[in-house]
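Student: Residue-level listing of the chains:
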Amino acid sequence: MPLSWILLLLAAIGLAAFFLSRRRAVGSVEGDARRLHSLPLYYGLHGAMMALAPALLLLAIWLVVQPMLLDRSILSGLPDDAIPEGSTPGLVMSDVRRVADGIERAFANGAFSEGDLTALTTEDVGAVITGGGTALGTPLTADVLAAARDYWLARGTLAWIMTAAVLGLALIGAAWAIRRSDGAFRARNVVERGVLVLLIAAASIAILTTVGIVLSMLFETSNFFRQYEWTEFFFNTTWQPSFSGRGGSSELGIIPLLWGTLYISLIALIVAVPIGLFAAIYLSEYAGKTFRSIAKPVIEILAGIPTIVYGLFALITVGPLLRDAFASPLGLGNSASSVMTAGLVMGIMLIPFVSSLSDDIINAVPQAMRDGSLGLGATQSETIRQVIVPAALPGIVGAVLLAASRAIGETMIVVLGAGAAARLDLNPFEAMTTVTVKIVSQLTGDTDFASPETLVAFALGLTLFVITLGLNVLALYIVRKYREQYE
Amino acid sequence: MTDATAEGGAGHGGAGQGSLLARDTRTARRNAAESRFKLYGLIAVCIGIAMLVLLLTSILMNGLSSFQQTRLQIMVELPEDKLDKSGVRDPEVMSKVTTFGYAPLLRDGLEATIAEAGIETDLSAKDAADLISDESVAQLRNMVLANPDLVGQTIPVEVLASGRIDGYYKGRVTMASAELDSNISPEQLVLADQLKAAGKLSTSFNWSFFTAPDASDTRPEAAGLGVAILGSLYMMLIVLCLALPIGVAASIYLEEFAPQNRWTDLIEVNISNLAAVPSIVFGILGLAIFINFAGLPQSAPIVGGLVLTLMTLPTIIIATRAALKAVPPSIRDAALGLGASKMQSVFHHVLPLAMPGILTGTIIGLAQALGETAPLLLIGMVAFVREYPESPLDGGLFDPATALPVQVYNWTQRSDPAFVERASGAIITLLLFLLVMNLTAIFLRRKFERRW
Amino acid sequence: MQNDTAKITARGVQVYYGDTHAIKDVDVDIAANTVTAFIGPSGCGKSTFLRCINRMNDTIPVARVEGDIRIDGEDIYDKRVDPVQLRAKVGMVFQKPNPFPKSIYDNVAYGPRIHGLSKDKADLDGIVENALRRAALWDEAKDRLDAPGTGLSGGQQQRLCIARAVATSPEVLLMDEPCSALDPIATAQIEELIDELKQNYSVVIVTHSMQQAARVSQKTAFFHLGNLVEYGETSRIFTSPEDTRTESYISGRIG
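Residue numbers (numbering that gives the first Met the number 0), protein chains in the order written: chain A, 0 to 486; chain B, 0 to 451; chain C, 0 to 254.
Same shape as in the complex, but just chain A:
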């Protein structure tokens, strides 16, 4: 039975439970709703909740757990030589799944019938399912066919068991809720507790996401380090993946990528921090109301522009401009993609980030500080430089750290503006590459999750995550401490 039918049936059971619970509750007090503990609505909601919540939970768990268990049992049934050289259990398993899907489709449109099942040969099945639009990774073997048949049969049986279990649970829940619905039952409290659980679950998704990020990257990274020395990864100064063979000749050192990342981020910060800081100071301390109300949103538009736009800007305007105006005449290189291109454009992107954070921070400095300094006869700029900026310094440092974390994790600008060559060089007009660029290039196109060239992307991702997380935590801590100081 398809999932949508199960869901529809569940909805129907839920609806029925809603009305029956409500009716029974109202009936138990001879229709005098005042004698109910809760409003009639809550009895209905309680019924629906009891019918649906456990059933849906079971359904969700089943859908996650069943494929894992089934895969494992089918794989253990396969003989060892069913996994050909150069393949992995995962790849064979996906073939098995594909064949099973093909068999299912063939049954659905009548190409096979029940009796054929045991007599099927690899040739017929191969022909039928390829004709049905299923492509196979490798030629069909008898082992795979047998596994697919088992898989398909088991899947069918399990689907029926699941349907029965889920619907049964829904009915039991509904019956229980209906039985409990009488005037003294505190339906509202139970419903509200249920809603609270939902709210907590929603809030916990943030934690789940982080756990998901960390686990997924840790898992693949450990696979990577099983195939590639971690010392090589962290300390080798060459990045040269080979795509000819698997592993072996590849050199996957992170140092040139980190260098590119940091160099570009540095240039970006050199552009963004002074401009952003001065803009924030001007807007919060000098600008008149009208000027501020126009200039501030205009600068903030820069923050709302997607990074792909900046990337294109780097690619078609800034890159060629820098090359023709500086790099070529000075003999520093003739690549439009360069550290400078990416750094400058990223700097522009970060200006509103730095300026709006600094603006908030400068505004958090109490007016009494300004008055104190002005009252002593300081000029406004003396007040800003010697009182406000030092007072706001921790906050500004936090803002710069956040901006640095942005710069390090930025992808599209460097993909389009920095180039793809991993290089350890000081010339800013040379194309270099970054961690994010390599994550993109290793994980797009044809990927093979068994080779270190693909898996290295997860190690890069984890490194990136750890660096940015460290910067963020530090920055948020500093900014929070700073705010507490003036609260």
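To be clear, the hints were calculated from the coordinates, so they are not data collected in a lab. Take the hints with a grain of salt, since some may be wrong.
[What the hints assert, rightly or not] Derived pair list, reagent style DSSO-like, types lysine-lysine, alpha-carbon separation capped at 27 Å: (1) LYS324(B) with LYS480(A); (2) LYS295(A) with LYS125(B); (3) LYS37(B) with LYS295(A).
[Said to hold, decoys possible] A partial selection of chain C residues facing chain A, derived with a Cβ cut-off under 8 Å: (4) TYR16; (5) ARG86; (6) ALA87; (7) MET91; (8) LYS95; (9) ASN97; (10) HIS114; (11) CYS160; (12) ARG163.
From the three backbone atoms N, C-alpha and C, an ideal C-beta is built for every residue, glycine too.
Use these hints to put chains B and C onto chain A, whose structure you have.
Tutor: This is chains B and C only, laid out in the frame that chain A set:
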């Protein structure tokens, strides 16, 4: 304390001693420093604004022309003996005739058009036919298959001019560059000019840019955003349906119910960190969890939508919490004082009052998600997709699609410079969507802004 | 009211905050080496008027000052006057202690440094010590001049602010409710200090406490709704006020 006054008024000459009306040099110097400092600030603001202007001008200059497209108007004869030998006008049967069967028809049609306009040219029919986009053949075939009754008639057809001809009228291709170009010759450009003079070639608004699917490397003139816009739309739908309820639920819990404990702190820290995690990391998450682990298909809007949902959640949660915080406690107290439960006071009173703020935050979150590129690259949305996904009700969320910003990236990776124009045009389209969304958010905020 | 030895003379002073007429036609003469108290109910304009004397109202965009205020006969609103120079001559202490987030030494040295008052480091040390002594803070602070000024107690912080103001050798000291954020013991110390400061400076103090005005000042001005109602010897104002509004305020019937 007596020693404090022992020295009396003696001591150093203060800055204020002497007449106020006479300025000393030091004050003049300090005032000059003041003006300089102020000027630096003004310059910084101006640089920021100038960069925005430069960025937008650059994109507009490069991309506006993509909204115009050069087309040829020719009469095409559709002979029955070539297109439908059976004569039953059954599209099933007629589809046996491939595009190779249609190409000569267009060539002949163009030749006839040239002759009709009285244009003398040395170009062979084949060279002249290079003026027509390769895509037009397929378009003609689709037109005929959709309406088999056209066979046997001579119909006026508007076909796309080839990318180089289109570029010629947009200033990208010149006579000089055509000399060096193997895809186009100056003679062909001359012919194009003659056709234009005869009214057979014109440039008009390019609707198909918004509706057509992507096209191959050699056919930039036919490339459109149809699939990308649809894909982005699907993903926004998913983000809206998931991120809004989850985000609001999470915010209500954290703002109204959460006790001060470790778990709450953990959630808070996680949310503020997720807001700052590089977007590409979410792409890795999507690839590892949704595609490799859960087995969802690559390039599908459902995966993109889920990834973008996770990325947008922090934005929505932060905005929603601010909106909830802005509802004064007196409202809650009033409801609680009447005997409502905490849950009732929140859902009946606080939430409706916070709704405008929540919607504003949601729109801004959606706008962010719409422009996000990097994570989508990793989940395969960068693939070349020509088929429109089905409607979401027919499982379209699981069909391959691409997204607006990814389409831009995709086009920047093509060699033909005409794709730069397309990419910039796509950016303008994207920015227009963002503009509309942000204006809506500003409108909502203005309209419902409440001061307590 | 005319007084030949007046340090500050104000004539026909009007202050507007946007559309609000905050100070209405105030005339007053403030004598040198005296403590003059401004009293009145909150919102009466006493602080606003105080801030006119060193042009701190200039920092509020919507504020507009009319009339004539002279220090030593020089019009401080003259176009040639730089507020920066004026404020060095007219120091100010604020309601809440507002030491800068710097060391005690740097707080006091701030004014002399920006105005360039010291020849060298030793000179600056002398200025700082002198100012701290005058503010009666030297004994408490001399061993921790490098400690942050924000680490001091409230009363000490306010004395630090006084030292900071004194360090630029002003001629006039304006104090805007300097004790309102302090406990009684710290208040007593500050009041004692104010009494000593009057030997070298003309002190103008805004206070919401009549007892404080009676304790520290020689002259008292009573403000009400932006008007200067009555001005005279403190002892006379508190014993035999001429105006009924003054009497009502002093006896606690308004305010």
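Student: Indicate, hint by hint, whether the structure satisfies it.
Tutor: Results of checking the hints against the structure:
For the suggested pair LYS324(B) and LYS480(A), the alpha carbons sit about 21 Å apart, so the restraint of at most 27 Å is met. With a CA separation close to 58 Å, the supplied pair LYS295(A) and LYS125(B) exceeds the 27 Å bound. About 16 Å separates the Cα atoms of LYS37(B) and LYS295(A), which keeps this hinted pair within 27 Å; it holds. Interface hint at TYR16(C): violated, since its Cβ lies 15 Å from the closest Cβ of chain A, which is beyond the 8 Å cut-off.
Interface restraint check for ARG86(C): the shortest CB-CB distance to chain A comes to about 4 Å, inside 8 Å, so the restraint holds. A hinted interface residue such as ALA87(C) counts as satisfied when its beta carbon comes closer than 8 Å to some beta carbon of chain A; here the least separation is about 4 Å, so the hint holds. Nearest Cβ of chain A to the Cβ of MET91(C): about 4 Å, under the 8 Å cut. The hint holds. Contact between LYS95(C) and chain A, as hinted, is supported at the beta carbon level, the nearest pair being about 6 Å apart and thus within 8 Å.
Using the Cβ-Cβ criterion of 8 Å, the hint placing ASN97(C) at the interface with chain A is satisfied: the shortest such distance is roughly 4 Å. Nearest Cβ of chain A to the Cβ of HIS114(C): about 6 Å, under the 8 Å cut. The hint holds. With its C-beta approaching chain A no nearer than about 7 Å, CYS160(C) sits inside the 8 Å limit, and its interface hint holds. Interface hint at ARG163(C): satisfied, since its Cβ lies 7 Å from the closest Cβ of chain A, which is below the 8 Å cut-off.
Comparing the model with each numbered hint stated earlier shows that hints 2, 4 do not hold.
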